[in-house]
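4 protein chains.
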Amino acid sequence: MDFTFDERTEELRDRLLTFMDEFVYPVEHLFHDQALRTDARWERPAAMAELKRQARARGLWNLFLGGDQGAGLTNAQYAPLAEITGWSPEVAPEALNCNPPDTGNMELLTLFGTEDQRERWLAPLLEGRIRSAYCMTEPAVASSDPANLRTTITDDGTHWVIDGVKWWSTGAMSSDCKLLVVMGTTDPDADSRNRHSLVLVPRDTPGVTVRRGLQIFGFEHGAHGGHAEIQFKGTRVPKNYLLGERGRGQALAQARLGPGRIHHCMRMVGMAERAIDLMCRRASERIAFGSPLADQGIIQHWIAESRVKVDQLRLYVLHAAWLIDTVGAQQARNEISAIKVAAPDVVGWIIDKAIQVHGAAGLAQDHPLAMLWAQARTMRFIDGADEVHRMVVAARELHRHGGADAVRAGSAGVRCLTG
Amino acid sequence: MDFTFDERTEELRDRLLTFMDEFVYPVEHLFHDQALRTDARWERPAAMAELKRQARARGLWNLFLGGDQGAGLTNAQYAPLAEITGWSPEVAPEALNCNPPDTGNMELLTLFGTEDQRERWLAPLLEGRIRSAYCMTEPAVASSDPANLRTTITDDGTHWVIDGVKWWSTGAMSSDCKLLVVMGTTDPDADSRNRHSLVLVPRDTPGVTVRRGLQIFGFEHGAHGGHAEIQFKGTRVPKNYLLGERGRGQALAQARLGPGRIHHCMRMVGMAERAIDLMCRRASERIAFGSPLADQGIIQHWIAESRVKVDQLRLYVLHAAWLIDTVGAQQARNEISAIKVAAPDVVGWIIDKAIQVHGAAGLAQDHPLAMLWAQARTMRFIDGADEVHRMVVAARELHRHGGADAVRAGSAGVRCLTG
Amino acid sequence: MDFTFDERTEELRDRLLTFMDEFVYPVEHLFHDQALRTDARWERPAAMAELKRQARARGLWNLFLGGDQGAGLTNAQYAPLAEITGWSPEVAPEALNCNPPDTGNMELLTLFGTEDQRERWLAPLLEGRIRSAYCMTEPAVASSDPANLRTTITDDGTHWVIDGVKWWSTGAMSSDCKLLVVMGTTDPDADSRNRHSLVLVPRDTPGVTVRRGLQIFGFEHGAHGGHAEIQFKGTRVPKNYLLGERGRGQALAQARLGPGRIHHCMRMVGMAERAIDLMCRRASERIAFGSPLADQGIIQHWIAESRVKVDQLRLYVLHAAWLIDTVGAQQARNEISAIKVAAPDVVGWIIDKAIQVHGAAGLAQDHPLAMLWAQARTMRFIDGADEVHRMVVAARELHRHGGADAVRAGSAGVRCLTG
Amino acid sequence: MDFTFDERTEELRDRLLTFMDEFVYPVEHLFHDQALRTDARWERPAAMAELKRQARARGLWNLFLGGDQGAGLTNAQYAPLAEITGWSPEVAPEALNCNPPDTGNMELLTLFGTEDQRERWLAPLLEGRIRSAYCMTEPAVASSDPANLRTTITDDGTHWVIDGVKWWSTGAMSSDCKLLVVMGTTDPDADSRNRHSLVLVPRDTPGVTVRRGLQIFGFEHGAHGGHAEIQFKGTRVPKNYLLGERGRGQALAQARLGPGRIHHCMRMVGMAERAIDLMCRRASERIAFGSPLADQGIIQHWIAESRVKVDQLRLYVLHAAWLIDTVGAQQARNEISAIKVAAPDVVGWIIDKAIQVHGAAGLAQDHPLAMLWAQARTMRFIDGADEVHRMVVAARELHRHGGADAVRAGSAGVRCLTG
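Residue numbers (full-length UniProt numbering), protein chains in the order written: chain W, 1 to 419; chain S, 1 to 419; chain C, 1 to 419; chain G, 1 to 419.
None of these hints come from the bench; they were simulated from the model. All C-beta atoms in this analysis are idealised placements derived from N, C-alpha and C, irrespective of residue type, glycine included. One should not assume that every hint holds.
[Unchecked claim] Calculated from the model, a selection of chain G residues having no Cβ within reach of chain C, i.e. all distances over 10 Å:
hint, residue
1, Ser143
2, Thr326
3, Met371
[Stated by the list, open to error] Which residues of chain C face chain W? A few of them, derived with a C-beta cut under 10 Å, are:
hint, residue
4, Gln69
5, Ser192
6, Asp295
7, Gly297
8, Ile298
9, Ile299
10, His301
Please construct the entire structure, taking both the sequences and the accompanying hints into account.
What follows is the structure in structure tokens.
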């Protein structure tokens with residue numbers, strides 16, 4: 001058992017921390033101000049282009065992607081870097097070309113794209129020249145149950161014809177977004193695991209209507225292209241725009257999720273650390289009733305609990321990352337569900353306390369806390385609601401304790417998947 | 001002991017419930033859409049004027065105000081009506097001319113205004129022709145400790161000269177807002193309870209700069225005039241614009257708070273009931289994995305806990321209202337602190353669960369839940385942070401148990417203030 | 001709406017508070033010491049007889065029982081008295097002949113007993129000369145679902161023959177316990193609501209084996225006759241020992257539960273008040289790091305939250321008591337389920353904090369806190385597990401929000417059952 | 001980063017798991033029954049001697065102790081073994097001679113004992129022939145603040161004379177306990193860190209009165225010698241019975257605590273795993289309302305949360321163990337405080353849920369759950385109350401975020417002490 005990061009990780013952490021100080025934190029306010037620009041509400045601030053150039057020049061680029069297309073890091077190596085980007089989730093991930101949903105889409109194209117598809121879409125995505133969106137969730141149905149999906153992708157002989165409405169398609173309000181990866185039913189009569197497919201749909205295809213941006217609490221995330229509701233009405237794309245095998249949409253979607261959840265969770269660890277940092281500074285500086293807030297027992301209680309909670313969470317996510325590297329995402333699926341449940345709970349709690357220490361100012365735009373909190377709250381839905389993940393974890397647990405080896409298995413603890 | 005509402009209350013409840021159905025719920029969406037209007041971001045939707053006319057015609061007007069200026073209701077009579085308005089807090093309270101901060105300002109003017117002041121400001125406020133703001137909180141200091149206030153109100157012989165920065169002045173972004181009630185230091189050498197005064201400042205006085213609107217989790221509440229940051233720089237008003245006695249600002253502010261907290265808390269009870277209603281309907285209608293969400297045990301658990309929590313809270317607030325009516329706000333101050341602590345905790349929890357039942361849709365603008373949640377969260381700061389109120393409650397409790405009569409007092413329970 | 005207690009209640013409260021001070025608190029230690037007496041582990045301390053005499057002499061006797069057999073109080077009048085007895089739950093309820101399960105058994109005999117049964121069993125119970133037990137729960141099955149009960153009561157022509165095992169028969173280890181009220185299946189082929197009956201079984205009937213006392217977190221409650229496991233093996237009682245109608249056992253059991261849950265919950269309110277009293281005194285007296293524990297913010301937080309929680313709970317239980325008096329236990333059944341869920345949660349939390357303020361001493365026998373906590377924890381099972389009660393509350397709530405009148409009904413709040 | 005256990009650990013885990021199955025679980029009931037034996041309430045069941053013999057024969061002996069006196073394991077190697085013993089905390093730790101307070105006392109004697117002291121006391125302790133107790137906590141004062149200690153150890157020229165009262169001296173009720181390690185004031189005028197010393201006091205020394213056993217809830221832990229209150233009155237021991245340097249008592253006590261807290265916390269992880277195992281089995285077997293409890297959503301929720309919580313906790317404790325091995329207990333003191341806070345919270349929550357799944361049976365002696373819960377609750381006091389440890393963690397956190405390197409330090413996360 002060894003908890004030290006390896007040399008490459010340490011070197012990249014160091015470089016990234018410097019990049020955060022020099023480039024990221026100084027421009028954070030621009031991203032907020034963008035939200036108030038009525039003329040360009042859904043576009044990135046100009047500063048983003050320069051950030052990307054600088055990150056790329058420093059080798060801080062496509063760190064999320066294994067293999068020789070990306071930085072070639074393991075999940076355990078990338079995880080601590082994702083944490084650091086979580087300190088500024090509005091700016092840092094995209095500056096490094098490591099922001100969802102582009103990361104997941106790039107992974108899909110890397111793994112399942114044809115040569116043509118990779119050339120046309122993956123190459124510009126890897127260079128950060130275009131953005132993409134992922135169109136799965138639908139407004140009319142409970143999307144945690146794929147059987148509910150209503151969007152159809154029909155083979156009319158030469159083309160796929162797409163009909164349906166998607167929402168929560170992050171990034172799609174922006175004109176930078178050129179590609180929509182769309183999930184729909186191609187084979188309604190197949191069993192539920194072989195019923196859906198993914199197709200690549202250029203955003204400017206006729207029959208695509210980007211209707212409106214959804215708010216999260218009152219935030220629109222315009223600087224990242226918002227969260228779009230999109231109507232597909234007789235939208236036609238050539239047959240070779242299918243991504244991967246027909247009917248394998250759910251399987252592809254799963255492949256995309258494992259590492260993506262590690263990224264989300266490690267960024268949330270970073271968000272919590274940012275909140276702790278702000279909470280401690282505020283508590284030290286603000287005076288009430290004659291002494292710093294930090295002297296109040298209840299605030300010390302919050303700070304201590306925050307440390308206790310986030311350190312456990314970090315180890316938990318790192319462990320899941322290591323499991324993916326060593327036994328594979330499929331074998332580690334329960335641990336991945338588990339971190340998805342743990343992270344928003346812990347991180348939301350911590351940010352809430354940081355807000356409280358800031359007084360009403362903590363709710364407003366002068367501090368990043370309200371935005372961080374809204375992101376953490378959102379994570380209780382993204383990639384599956386908490387409740388669904390808990391059912392997964394419970395089912396496995398009940399199964400493990402059903403047999404004769406339960407005691408032995410139970411005590412195996414940390415390495416239970418490798419035993 | 002009798003838990004029934006009296007006849008007048010029942011009659012008004014009935015009338016108000018009908019008004020909600022016929023006039024309020026149908027226009028709720030207009031208030032949200034207003035937030036997206038870039039040309040009139042801080043103004044009320046036109047529908048509000050008609051709502052007010054209808055409410056007034058039905059005798060649903062100034063219900064909050066005792067005496068013959070208002071409806072003459074006791075706190076215990078008004079409280080159940082405030083609950084009903086909480087089902088639509090963006091629309092109903094103002095439609096009935098019962099919305100803060102105007103209510104508190106009208107109370108102040110009724111109790112402490114000179115005849116001139118009442119004629120000039122109270123009359124149009126009571127008729128809903130103008131709006132007002134209350135300027136107490138300051139950005140640079142912990143406002144829960146009045147000793148920290150930095151705004152000065154200086155006597156230059158003929159005028160009061162106001163210098164300082166205030167924020168969270170709700171309503172002041174709107175052009176409907178004509179009056180600012182400003183707290184500041186007139187007597188810096190007096191002891192802390194006799195140091196501050198209130199002055200009436202027309203919003204268009206030279207030296208008043210309304211700088212910007214503050215957001216609450218991304219919400220601007222533009223349709224209610226937002227939450228303003230206001231700079232006062234050499235702002236001069238005549239000497240007779242002082243409200244009440246010089247140096248008694250803190251005492252006046254306290255007088256304003258007791259009933260105001262009842263109103264806030266009862267509206268929050270209504271917000272929680274709205275959330276429970278939405279949660280139950282969604283749980284019944286939405287199908288996942290082959291059955292309604294309502295069949296899931298965890299959702300039943302949330303619904304049951306919501307009922308258990310909100311019914312306790314309602315009784316608690318009604319009891320505090322009754323105490324104000326029977327022993328006075330001063331004697332009931334601990335109970336008023338206690339409901340202020342209890343309400344946001346309970347109501348925030350319930351709305352959070354209603355959001356979760358709605359899936360990601362619960363975060364967005366198609367449902368009122370995110371807005372309701374943000375309001376409930378804000379209540380942990382408004383009129384004093386939770387932490388300050390808890391210190392008040394704890395101090396009283398420790399005092400009560402110090403003496404020989406503690407056991408007897410402790411068991412006195414519900415009527416402890418009247419014994 | 002009026003929260004004052006009536007004159008009779010106030011007069012009895014006063015008398016009872018004096019009785020607690022003069023007679024109950026001084027002998028509490030005897031009840032603990034009894035637990036250590038190996039020669040008489042299951043018997044009452046001798047002091048109990050004198051306590052009963054004194055209580056009866058002061059008219060503090062059978063207060064729980066309505067009608068002319070008892071004190072004739074309403075539930076709302078008795079509830080505040082039950083709270084006071086909760087300050088010393090090991091001593092006071094029995095001293096007043098108001099302790100379960102005798103109270104429930106006396107109610108059953110009053111309502112459903114024949115003249116013979118009342119003469120033989122009710123009379124001595126009302127005088128406190130004998131004790132009784134209630135035998136419903138069974139070790140082998142989930143007793144919250146009556147369909148599971150396995151004990152049979154067979155008609156052999158002249159007698160009922162009882163076979164089965166019961167446990168958690170409180171009081172039955174003691175030789176003072178003369179009567180067992182036993183639930184079993186008389187009509188296995190009837191529908192589940194008409195399948196069970198209650199029979200009266202003298203504890204010394206052949207075929208009754210009182211096997212052992214059950215512990216609750218190590219406590220045996222020997223001074224109250226413990227919690228017995230009892231085997232019935234071919235136990236025969238005459239046909240006229242049936243209580244109430246054949247096949248109506250479940251209905252009788254329900255009749256017994258409504259007021260009983262009010263009693264339990266109000267006593268728990270008193271237990272919480274006792275814990276708050278002990279917590280405040282300890283916090284004021286104990287010095288750590290140079291100042292009283294009461295100066296620590298986290299302890300103030302606990303004290304304030306305790307007050308906020310218990311005052312809400314008390315009002316909730318009083319409201320349910322008032323509902324039983326005004327609309328009947330059947331109509332108030334959801335509110336009764338709700339208080340059963342609320343009380344152990346709130347009271348357990350408070351006692352836990354009081355323990356923490358006492359340091360490790362809070363766990364031990366020198367303070368009543370550990371015993372109080374164990375009782376509160378037990379209440380999450382007694383008369384139905386929390387989970388079952390929450391399902392009841394959720395089902396009603398979902399039903400209420402299904403129809404067109406939901407909004408109106410929802411806002412009806414406190415008096416929803418009377419509207 | 002590598003989460004695998006090394007070969008020696010795996011081999012010992014395997015051997016220990018077999019030992020648990022073959023020897024420990026089969027005799028657990030004897031330890032409960034012992035509690036009911038009135039003739040030998042404070043003595044070990046005879047089975048313990050055989051268990052020890054078997055454990056020693058298998059090389060499962062003194063595993064806690066580094067160096068060549070013990071098994072020579074690192075903390076990270078021993079921790080997973082301590083977890084396994086936590087599945088049966090009443091039996092397994094002592095069977096392996098790894099039970100507190102003997103472990104701590106053996107460490108003290110190993111590190112600081114003179115040759116004579118080691119020969120007389122350490123040798124028989126290492127062989128499990130005698131037991132010892134640790135006398136620090138005092139009834140009259142808040143022991144978390146050492147300045148409060150009142151026991152005096154006075155030099156009368158030839159002897160140390162001890163006067164004072166100690167309690168919570170675990171094990172001292174038993175006649176197997178031969179040695180008391182006593183903390184007291186030798187140098188009242190020294191500063192608070194150099195005021196106390198430790199002396200070795202044979203339990204049969206004149207002037208030692210073992211007064212009574214303390215209960216934890218209703219448990220006496222008689223089979224482990226209980227928790228004694230001991231009076232020292234003019235108790236005299238020779239001058240060479242001083243342990244370590246005069247005035248260094250607090251420093252010695254600290255040395256004892258680091259690894260001891262790892263042991264406590266890992267055993268608690270094992271207790272939680274035992275509870276999860278029992279909860280899952282019960283949920284699968286018990287039928288209510290026609291299906292297993294495991295089908296109920298709320299129970300699945302509890303099971304999932306239990307897994308999520310305990311896996312985080314285990315990693316947290318293992319990380320702290322690794323830190324002690326790599327940077328030393330002094331450098332890891334904040335992490336050690338942090339696990340002490342985290343463990344009882346998590347483990348108590350889990351056991352509580354397991355109890356609830358068992359119904360009232362979960363409270364009683366037929367299952368180990370109530371006993372496990374009481375132990376977990378006790379851990380919120382042992383070796384420092386939660387509140388004191390949280391203050392330590394908060395102070396470090398506030399300090400870290402005060403300086404310019406806070407962001408960098410904050411993001412360092414897992415390896416923050418090694419950076």
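Worksheet item: Among all the numbered hints in the text so far, which are the ones the structure does not match?
Response: Numbers 1, 3, 4 and 5 - these are the hints that the structure violates, sorted from lowest upward.
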